[in-house]
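Engineer: Here's the letter readout for the chains.
Number of protein chains: 2
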Amino acid sequence: MARMSAFEDTVRTVQFLSVDAVEAANSGHPGTPMALAGITVDIYSRYLRYDVERPDWPNRDRFVLSCGHASMLLYSVLHLAGYDLSLDELKNFRQWGSKTAGHPEIGHAPGIETTTGPLGQGISNAVGLALASKLAGAEVNTADDPIIDYRVFVLASDGDLMEGVASEASSLAGHLGLDNLVAIYDDNKISIDGSTDIAFTEDRAKRYEAYGWFVQSVDGHDPERVRRALDAAIQEKGRPSLIVARTHIAIGAPTKQDTAAAHGAPLGKDEVAATKKAAGWPLDPFHVPPSAKSYFEPWAKENRARREAWEKNATALSGDRAAKWKALSARSVPEDLLEQLILGDEKKTDATRSLSSAVQQKVAALVPSLVGGSADLAASCKTTIKGGGDVARGELSGRNIHFGVREHAMGAIVNGLALSGFFIPYGSTFLIFSDYMRPSMRLAALMEQQALFIFTHDSIYLGEDGPTHQAVEQVWALRLIPNLDVVRPADGLECAAMWAHALTRRDGPTAFALSRQKLPALDRPATFEPRQMLQGAYIVSDADDPNLVLIATGSEVHVAAEAKTILEARGKRVRVVSAPNWSAFERLPPGEQEAVLGKGIPRVTIEAGRTTPWKGVTGFGGVAIGVDRFGASAPAERLQVEFGLTAEKVAEAALGATT
Amino acid sequence: MARMSAFEDTVRTVQFLSVDAVEAANSGHPGTPMALAGITVDIYSRYLRYDVERPDWPNRDRFVLSCGHASMLLYSVLHLAGYDLSLDELKNFRQWGSKTAGHPEIGHAPGIETTTGPLGQGISNAVGLALASKLAGAEVNTADDPIIDYRVFVLASDGDLMEGVASEASSLAGHLGLDNLVAIYDDNKISIDGSTDIAFTEDRAKRYEAYGWFVQSVDGHDPERVRRALDAAIQEKGRPSLIVARTHIAIGAPTKQDTAAAHGAPLGKDEVAATKKAAGWPLDPFHVPPSAKSYFEPWAKENRARREAWEKNATALSGDRAAKWKALSARSVPEDLLEQLILGDEKKTDATRSLSSAVQQKVAALVPSLVGGSADLAASCKTTIKGGGDVARGELSGRNIHFGVREHAMGAIVNGLALSGFFIPYGSTFLIFSDYMRPSMRLAALMEQQALFIFTHDSIYLGEDGPTHQAVEQVWALRLIPNLDVVRPADGLECAAMWAHALTRRDGPTAFALSRQKLPALDRPATFEPRQMLQGAYIVSDADDPNLVLIATGSEVHVAAEAKTILEARGKRVRVVSAPNWSAFERLPPGEQEAVLGKGIPRVTIEAGRTTPWKGVTGFGGVAIGVDRFGASAPAERLQVEFGLTAEKVAEAALGATT
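Those sequence lines, one after another, are chains F and V.
Going by this note's numbering, the letters in the first sequence line up with residues 1 to 659, in that order.
Going by this note's numbering, the letters in the second sequence line up with residues 1 to 659, in that order.
Do not rely on the hints blindly, as some may be mistaken.
[Unchecked claim] Only part of the chain F face toward chain V is listed, based on derived beta-carbon distances under 7 Å:
(1) E202
(2) K362
(3) L366
(4) V367
(5) P368
(6) D465
(7) I481
(8) A543
(9) D544
(10) T612
The hints are simulated quantities; they were obtained by calculation from the structure and are not laboratory data.
Predicted model only: the values in this text are computed from it and were never measured.
Yeah, the Cβ is synthetic: ideal placement off N, Cα and C, and Gly gets one too.
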């Protein structure tokens with residue numbers, strides 16, 4: 001056996017740490033770490049700018065393992081590169097409480113830039129991360145003094161390239177010419193069910209050329225070719241890069257190389273032994289030779305110098321640039337945001353999409369980190385930042401992104417923008433199309449990212465477009481995602497409060513549900529204190545010793561208020577509760593909830609959507625009024641009558657409520 | 001003004017019927033019907049094989065308006081072609097109770113083959129419809145006597161081509177070489193937010209070539225060129241076709257042609273008048289000249305002869321072919337299906353994914369219409385039909401489809417297979433990835449299609465893969481979709497019942513949630529009658545005068561049974577209810593529900609997922625046990641302890657239940 005170079009030693013170490021950890025966990029994916037170890041070691045030792053002592057260095061290059069199932073590849077390299085991820089953590093792969101979860105989870109170990117696993121999401125996050133570098137750079141860089149110009153390296157699998165979300169995001173990346181994005185596609189001809197020949201025979205290189213990418217094809221196990229391709233990719237201007245790297249899954253495994261068997265299960269004791277033997281590697285698990293430990297040191301030293309020079313530079317900023325940098329890097333939000341967002345027109349009758357839009361303009365003026373756009377519904381959703389400029393190829397200084405009819409990529413790119421650390425991003429479309437972007441929204445919630453999803457046309461009151469476009473189950477389906485706050489304001493004042501909430505909520509995403517149709521402003525008591533809205537549900541109007549509580553959200557609150565009048569004429573004493581943020585309200589202790597909802601008083605909920613989950617609020621005797629079937633195509637006024645959502649019908653139904 | 005040909009007259013009629021209907025509704029999309037009228041009239045008068053007197057002719061060609069917002073285009077042509085869709089219905093566009101909904105809805109008017117509107121779905125349904133033609137043909141055709149060989153024509157917009165679901169489906173269509181699929185892409189350079197230059201500059205033709213399609217580009221307003229392209233597309237063997245038709249939105253409108261303003265709003269009275277004037281068209285609305293009324297007649301006559309010849313042919317089938325045809329065309333299911341599916345191994349301890357798989361093999365033997373596949377998780381989901389053969393390019397006789405890692409397209413293609421009328425199709429993946437295909441599942445429910453979605457790895461008990469792969473909110477989020485039945489069986493006997501339910505439920509889809517992990521079979525009383533399971537929830541084990549009811553689903557039912565033992569040792573009298581199909585149970589009258597759940601008895605629900613909606617079942621005093629946070633990466637046994645889902649912890653929590 002020929003003596004191995006330090007590079008080869010390091011690659012082997014990554015391969016066998018991965019194999020051994022999967023073996024120890026008796027669960028995981030060994031084949032891809034084996035195949036991509038060489039490329040990944042090269043990226044982390046020659047290309048990626050990072051500093052293990054400052055994992056949050058704002059201008060670090062980002063590495064995204066889109067094929068998150070190959071997590072041990074990342075953990076092994078992070079360990080060797082010197083991140084705070086011990087060998088014991090590697091030995092604890094996939095165990096309760098370890099930093100080494102089955103798929104990389106941001107926050108668990110330093111050096112993980114995004115949570116991956118659901119295929120297609122990582123490469124689409126990477127598009128957002130690359131765009132964020134360009135957008136932030138356009139704000140704070142000068143020609144000879146860049147503050148933000150980081151690059152993004154992605155490893156992507158066949159599965160990533162098959163997923164529609166990646167297609168959408170890749171098309172947009174090509175459109176915008178994001179030349180700081182380099183994706184390596186692991187062309188291993190194998191997916192879980194076998195050869196890619198059974199399902200994936202399209203010409204991937206040609207497809208990415210059609211998107212406007214710079215595409216190179218290389219033998220993924222030839223380091224010289226890989227490095228030349230990476231060099232060329234980094235040099236390329238005006239286009240993102242795809243390097244199609246032909247690899248062999250589980251390379252070196254005597255019987256499992258190039259087989260689906262090596263994808264998602266341990267190699268097995270005998271195969272591991274045979275593989276190590278063939279490689280001339282010690283059989284004892286988790287072996288790390290000194291050459292692998294020291295391999296990353298020269299590059300780390302270079303990187304440390306880079307980071308220190310950068311710090312010096314960033315600290316020396318002054319004037320307007322310093323202010324811009326401070327605002328972006330801290331994602332600054334004024335402390336008195338709610339007060340500033342109360343625009344003084346709280347009596348205005350209008351659609352909440354319009355009222356929210358007015359608040360958003362104020363937010364945009366106060367919060368430089370706010371950027372976003374729409375999936376081809378900017379005018380309908382009213383989410384364009386006026387005077388913010390458009391984000392376009394070669395003009396990456398704007399704040400308004402045209403996502404195209406690509407809701408799913410919008411969600412994943414919004415996540416990437418948030419992950420950059422510089423932006424509080426938003427994406428907008430009709431509420432019904434939240435279904436198209438749900439996987440990305442779930443990841444925003446899991447990753448605790450401050451991402452905003454602005455959904456308008458939030459119910460059957462969309463009207464004529466009909467049931468294909470009318471949200472019925474979406475509000476509750478979104479509320480079920482842990483850590484996603486769903487807000488549904490009833491008027492302009494609630495819009496202000498919900499924006500203030502979303503902007504100050506640092507540890508999770510917020511989804512807005514806004515009306516297409518105009519709504520009257522609510523009448524509130526003179527003693528009303530706007531901060532009450534932030535608890536999620538509050539008393540809009542009360543009665544002495546109430547014997548009925550109407551709880552409504554969004555476009556149904558004014559209906560509840562009208563129903564109150566009818567009911568009071570029939571002898572009821574009615575409290576009306578508006579719940580613009582039920583998600584937040586659910587987090588309150590029971591006592592505080594009862595202070596708003598009452599205790600032992602019959603409850604009625606009113607929301608133009610599915611009622612099932614509301615029945616937990618109303619109890620057996622209460623009444624949940626809503627829409628438990630698909631909508632229909634007709635003008636909104638007619639639908640209100642047909643679906644039993646007029647004040648009269650609500651009042652009538654409410655009379656049936658008991659405790 | 002030159003005298004117009006009958007073709008031109010007909011095209012104008014379609015254009016202005018569309019414009020007038022949108023004007024009358026004061027809502028809708030006039031620009032695309034104007035642009036695509038010529039192509040659509042050509043398709044319906046020269047290419048599409050249909051018979052308005054038999055809209056359900058099994059071998060009719062299918063027309064799919066993927067850009068469903070252009071619904072008036074379809075309605076106008078259906079009206080003129082002689083379908084049962086009156087001029088009054090056109091005048092009633094987008095009104096309550098009309099057949100002419102805002103977007104085409106299957107079942108509302110004859111000639112509508114699928115419900116479209118959410119972009120990308122129609123063209124993906126079309127892939128399923130085209131595949132169904134090939135699959136059915138492979139079963140019943142002989143070389144010189146085809147029974148099923150219909151073609152599918154699709155009109156698709158920029159939005160359709162931007163959507164990831166369409167990318168996925170198109171890639172698979174190319175992979176399978178579906179040469180009976182012809183898509184016309186309306187390349188009008190306009191989307192809602194303006195020029196496609198702002199978001200969609202990729203080379204679409206090249207992308208579709210990369211997918212393996214036959215691509216032609218034509219001036220969409222040059223009928224000769226369009227016809228030559230359609231001729232060539234139909235001739236092409238072994239590849240689906242894309243015709244890139246350069247068109248002008250709102251062609252002929254003096255100020256709105258080629259503008260986004262013509263996309264989604266009425267042209268306005270003045271513009272309508274000016275457009276009609278420029279075209280030499282009468283100003284009175286809904287004008288239909290005799291030449292347009294008679295234009296489709298010669299083709300209708302040809303088509304009627306085709307259909308009658310086909311009927312004769314189909315009626316004359318005998319022997320094995322006749323039997324196969326009968327089974328497919330009726331989607332036959334044995335009447336005693338449940339009894340046949342009880343395999344006699346109901347005491348077996350196993351994962352419900354495995355138990356379901358065994359039942360599915362029996363179903364496959366009994367129901368020739370069952371076809372389906374997995375999104376690259378066939379071995380994990382265990383949904384391959386043994387001996388069923390693989391569906392592959394040139395070998396379209398199999399029953400097992402490899403969808404690739406394309407969950408969303410899988411959903412839409414499954415819908416297309418169901419829409420064909422020949423198949424009861426299924427698609428399988430992990431439950432978490434139901435999020436990726438939710439828009440298609442919603443449409444299956446809205447369209448009342450018998451589609452099966454088989455989801456395995458249905459909770460945190462997926463284990464080591466961690467929170468990105470562990471379903472928490474998915475079971476309830478799916479239950480919220482109207483008309484989708486979500487079934488979560490607890491053991492082999494329930495698997496049999498749920499398959500019997502799904503196979504006999506003709507008017508809607510069923511989603512299965514199946515366990516990765518092994519579960520013990522339930523003990524049932526000797527008097528147990530299997531049909532009880534079909535009501536959705538039933539008493540597994542009871543007590544005399546019970547004072548506590550435990551209601552559980554799937555993997556939590558045996559935990560409830562164990563908790564019962566613990567609770568009875570502590571003096572409780574416990575009823576255990578299994579609810580394998582809560583969706584069906586919710587449809588029962590309250591009295592029948594109370595017969596199972598009891599009345600005035602404290603209730604506890606147990607399901608390893610979100611609890612919020614269960615609180616409507618437990619009431620204020622009850623206890624809902626589940627998982628209201630994201631999962632974690634660890635072995636399943638550890639997760640059960642950490643998440644409080646052991647029998648001991650369930651019993652402890654249940655003691656707190658009151659009414």
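Engineer: Are K362 (chain F) and chain V close enough, Cβ to Cβ, to be under 7 Å, as the hint says?
Structural biologist: violated, 23 Å
Engineer: Can D465 (chain F) be said to touch chain V, with a Cβ gap under 7 Å?
Structural biologist: holds, 4 Å
Engineer: Should the hint that A543 (chain F) touches chain V count as held when the rule is a Cβ pair under 7 Å?
Structural biologist: Hint on A543 (chain F): violated, closest Cβ of chain V at ~22 Å, above 7 Å.
Engineer: With 7 Å as the cut and Cβ atoms as the points, is I481 (chain F) at the interface with chain V?
Structural biologist: Holds: closest Cβ of chain V sits about 5 Å from I481 (chain F), inside 7 Å.
Engineer: Tell me if the interface restraint on T612 (chain F) is satisfied: Cβ within less than 7 Å of some Cβ in chain V.
Structural biologist: Nearest chain V Cβ about 5 Å off; hint holds.
Engineer: Please check whether E202 (chain F) passes as an interface residue: C-beta within 7 Å of a C-beta belonging to chain V.
Structural biologist: holds, 5 Å
Engineer: Answer holds if the nearest beta-carbon of chain V is closer than 7 Å to that of L366 (chain F); otherwise answer violated.
Structural biologist: Interface hint status for L366 (chain F): violated (26 Å vs cutoff 7 Å).
Engineer: Once the shortest beta carbon distance from D544 (chain F) to chain V is found, is it less than 7 Å?
Structural biologist: violated, 24 Å
Engineer: Double-check V367 (chain F) for me: the hint is only fine if its C-beta lies closer than 7 Å to a C-beta in chain V.
Structural biologist: Because about 24 Å separates V367 (chain F) from the closest Cβ in chain V, which is outside the 7 Å limit, the hint is violated.
Engineer: Holds or violated: the hint that P368 (chain F) contacts chain V, with Cβ atoms closer than 7 Å.
Structural biologist: Since chain V brings no Cβ nearer than about 23 Å to P368 (chain F), farther than 7 Å, the hint is violated.
Hint compliance for this structure: hints 2, 3, 4, 5, 8 and 9 are not met, and every other hint is.
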